[in-house]
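Residue numbers (the UniProt record's numbering), protein chains in the order written: chain Z, 1 to 207; chain C, 1 to 207; chain B, 1 to 207.
Note that these hints are calculated values from the structure, not bench results. For clarity, every value in this text was computed on a predicted model and none was experimentally measured. You may find that some hints are simply not true.
BS3-like cross-link-like pairs, simulated, lysine-lysine; straight-line CA separation at most 30 Å [to be verified]: (1) Lys146/C <-> Lys146/Z; (2) Lys146/Z <-> Lys147/C; (3) Lys146/B <-> Lys146/C; (4) Lys146/B <-> Lys147/C; (5) Lys146/B <-> Lys146/Z; (6) Lys147/Z <-> Lys146/C; (7) Lys147/B <-> Lys146/C; (8) Lys146/Z <-> Lys147/B; (9) Lys146/B <-> Lys147/Z.
Residues per chain are reported as follows:
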Amino acid sequence: MTFLQGLDLTAVFIFGLTGALAASRAQLDIVGFVFLACLTAVGGGTLRDVVMGRDTVFWVAEPLMILSATAAAVLVFFTAHLLESRLRALEWLDALALAVAVPAGVGLALSMNAPWVVVAIMGVATGTFGGLMRDVVCNELPLILKKGELYATAALIGAVVALTGVALGLSSSLALLVCGLSTFALRAGSLLFGWCLPVYRSRPPRH
Amino acid sequence: MTFLQGLDLTAVFIFGLTGALAASRAQLDIVGFVFLACLTAVGGGTLRDVVMGRDTVFWVAEPLMILSATAAAVLVFFTAHLLESRLRALEWLDALALAVAVPAGVGLALSMNAPWVVVAIMGVATGTFGGLMRDVVCNELPLILKKGELYATAALIGAVVALTGVALGLSSSLALLVCGLSTFALRAGSLLFGWCLPVYRSRPPRH
Amino acid sequence: MTFLQGLDLTAVFIFGLTGALAASRAQLDIVGFVFLACLTAVGGGTLRDVVMGRDTVFWVAEPLMILSATAAAVLVFFTAHLLESRLRALEWLDALALAVAVPAGVGLALSMNAPWVVVAIMGVATGTFGGLMRDVVCNELPLILKKGELYATAALIGAVVALTGVALGLSSSLALLVCGLSTFALRAGSLLFGWCLPVYRSRPPRH
């Protein structure tokens, strides 16, 4: 298993947990848990692989991915009732999964020598699309559209950090590590301290 | 036309009927019927073909598919007012389409010698994604997320039955037939008799 | 840059404006604007390229596309408060983008010698999927499902006009021009004068 596959597998497991938590909020049965866990877990990476024209989508090449998402679903099915707040757990696990999936997307695009714009987009898309599908299918407001939170921003800055690191001569794995840490730090800061960018308001206040 | 194409064509027509019924509930015009019918009819198979890396997506290779979904849309546009309950018709036709599309997905993945995990996922994805897109676009709660019904479960068990059949030495077409029958039986049992698996509850009853 | 790439770039910029307007209605920050602008801008063309099996998706081959959608997002972020009605601006820009994206889809499919059914579908899909994703992600009723408006119809008739033009011996670029004009005329007529096709009603009036 390569380093990039390891990143994918980690992201798949954590995103799988968030999908299963969403299933618990929708009161599905165990197969519904597995379905939503797999959708969330492989959604972003599948988009990345299809758009980048990889010969084989990552979870077709390595069936362990689906088994890992399934294990996450089963784990949540039997333990979620122990959680104080499933919504809060979902948000924090989603932050962690984002911080692993962004470097997974950036790393793959770098390894295929994509232009830097494409590398940045692949980081953001791989990080965000699984969760976006989860929220759209569950008919919830996507986390990425929540007002006054850093989400797409955390993913984008993480990707830019990785690109800067590579440009400055960092090794690829070190750049991906810094990318993941920056993404997580920004998202966590947003969840804990309300860090945010100014949002659009239709009529700015007059002075 | 091969056996697998025949399965695809059948699933396309029946899913097309369900898409058109959804369009009738949204009070669209005839082109809206065709649009939703085509989206529902080819959504699952397109995902399957793109993820499996087929050279040509099934409905690009065989334009009859789109014509068949279009015919389904026109048929529903002029006859849906004769139905007692369009929602009930939609659910039963969706069950039938599921029971044809799951073997269509399993059959293609088997013919490409995919690992068994991938075969099972392709069965479920081909069976469920067209209907999922239909429901998401129409802003309805997806059938697959309905509490206390067998849906993903019916598809998954159908796929597992096919894999078991093949492992036991059944011919591929016989295994696909048993797969379709099991899927339909489970889904129909759920619609008729309320068969279901236990669903997740946040706080299990204490004794 | 080829003629088809020019069409794509124009559609990307205008769809980017509509995505950013949707972001302003959801009160997102600047990165949220860029995210929704890019999703809307490249959604339809990405689907087209993946389904047609192009070697490289158009915006991976030409990173200018993403920069153009980003520029549209920034422009809207700083000027949208000057608009009288952002919803009305969104609808009209969406009509314009549709009228550029339909010929972009038709043109690519023609250049790959696709069967005419596939050409028509590619026109409609390229024209409508970006906006559909924008509306689904924002949890709004998709424009394409609005009762009593020409939308899918405008796209479909535009595609049929292009096919007719080519069959009659028009040059490809002239056929695409007429295609875009017909699409825009029908959609604009629907917005201005309420042009529509009869919609389905569950119980037709009795005489």
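Earlier hints that do not hold, by number: none
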